[in-house]
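Each protein sequence line maps, in turn, to chains W and L. Using my numbering, the final residue of the first sequence is 165, and nothing's skipped along the way. Using my numbering, the final residue of the second sequence is 164, and nothing's skipped along the way.
Don't take every hint at face value.
What the hints assert, rightly or not - One side of the interface only, derived from the structure: several residues of chain W facing chain L at Cβ under 10 Å:
(1) Asp32
(2) Leu35
(3) Leu39
(4) Ser57
(5) Gly62
(6) Val69
(7) Ala70
(8) Gly73
(9) Met81
(10) Ala155
(11) Lys159
(12) Val160
(13) Asp162
(14) Leu164
In short, the hints are calculated from the structure, not lab data. For each residue, glycine too, the CB sits at the ideal point set by N, CA and C.
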Amino acid sequence: MLRTAHLATGLALALTCGAATSANAQLATHKDLTLPIALTIAETAVQTCTAQGNKVSVHVVGRDGEVLVAMRGDGTGPHTMENSMRKAYTSRFQRRPSGEFAKQAKDNPTVGALHLANMIPAQGALPIKVGDDVIGAIGVSGSPGGDKDEACAKAGIDKVADQLK
Amino acid sequence: MLKIAYGAAGLAALAALTAGPANAQLLTHKDISLAMAVTMARTAIETCKGQGYNVSVNVLGRNGEVILGLRNELAGPATFENSMKKAYTARTFRQPSGRFAENVKGNPTAGALFLANIVPAQGALPIVVDGDTIGSIGVSGAPGGDKDEACAKAGIDKVAAELK
């Protein structure tokens, strides 16, 4: 009788656990940026800033922070490539505008994230989202002011808004 | 008499200075624009795509700096790095990276192989204006460096009229 009980418990456990862990039994499905979409985002950002008289470089990174597009604007400062990449990486990592992270870091200059590779407390990058899922980020550098960089980043994302679904 | 001789020597020195205009003028050179780099890289990707190959591409400028890097999400993860290194090799040695690969085949300990970003692999071409190498384009992802190189060439050919 005890044995049967154990067996029953075991079966129940196995079945319950098996059924309850179906999340592990399936592959993760997610959307990712394609190169053509990433290129459109980057080109739009550069063109938007150029039209405002600001020379910028742009990076678009993917879900894992990997660089999809690196774009050096004509006549930009040499630091703008690194800066746009790091802003984008920060935005992807934090799943929010890099400018928000910059504000947080101002209030808390010893925040641990500041010491991680590629993190930078500087405005000018926005996460690229599908619904609530952050699938990448775009970073812009070169304008006189992170708010201006961010506006161009936004223009880039807006351009492909109907494809981000 | 001696003073006059010195004076003459001084004048001669002045003449020598003015004869050295190479030092007295700024360098003038042409560089690749972003728009041109985008056209080249896009053409290279589309050309390879048309042949059934997914490739990543890097276009570098005069100083080996990345002007445009495009990671093809359909190509292998190594292709992004590889296309940059091939391009860097072509820019540095002012020749197709495949020729460099051929040259070091008989000398596997060639010093150049130990420099950062140098890779003995075909698939990149220098971008040349009037004998001056102003950059390079590197392609990676096709099954064979010759196929990568053909797409790199298609990219340069597309803007040939503007390379002057």
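Hint check:
1. Asp32: It holds, given that the least Cβ distance between Asp32/W and chain L is near 6 Å, below 10 Å.
2. Leu35: This interface hint holds because 5 Å falls under the 10 Å limit.
3. Leu39: holds, 7 Å
4. Ser57: Hint on Ser57/W: holds, closest Cβ of chain L at ~9 Å, below 10 Å.
5. Gly62: With a closest approach of 7 Å, the Gly62/W hint holds.
6. Val69: holds, 6 Å
7. Ala70: holds, 4 Å
8. Gly73: With a closest approach of 6 Å, the Gly73/W hint holds.
9. Met81: Met81/W check passes; min Cβ-Cβ to chain L is 7 Å, inside 10 Å.
10. Ala155: violated, 17 Å
11. Lys159: violated, 15 Å
12. Val160: violated, 15 Å
13. Asp162: violated, 20 Å
14. Leu164: violated, 15 Å
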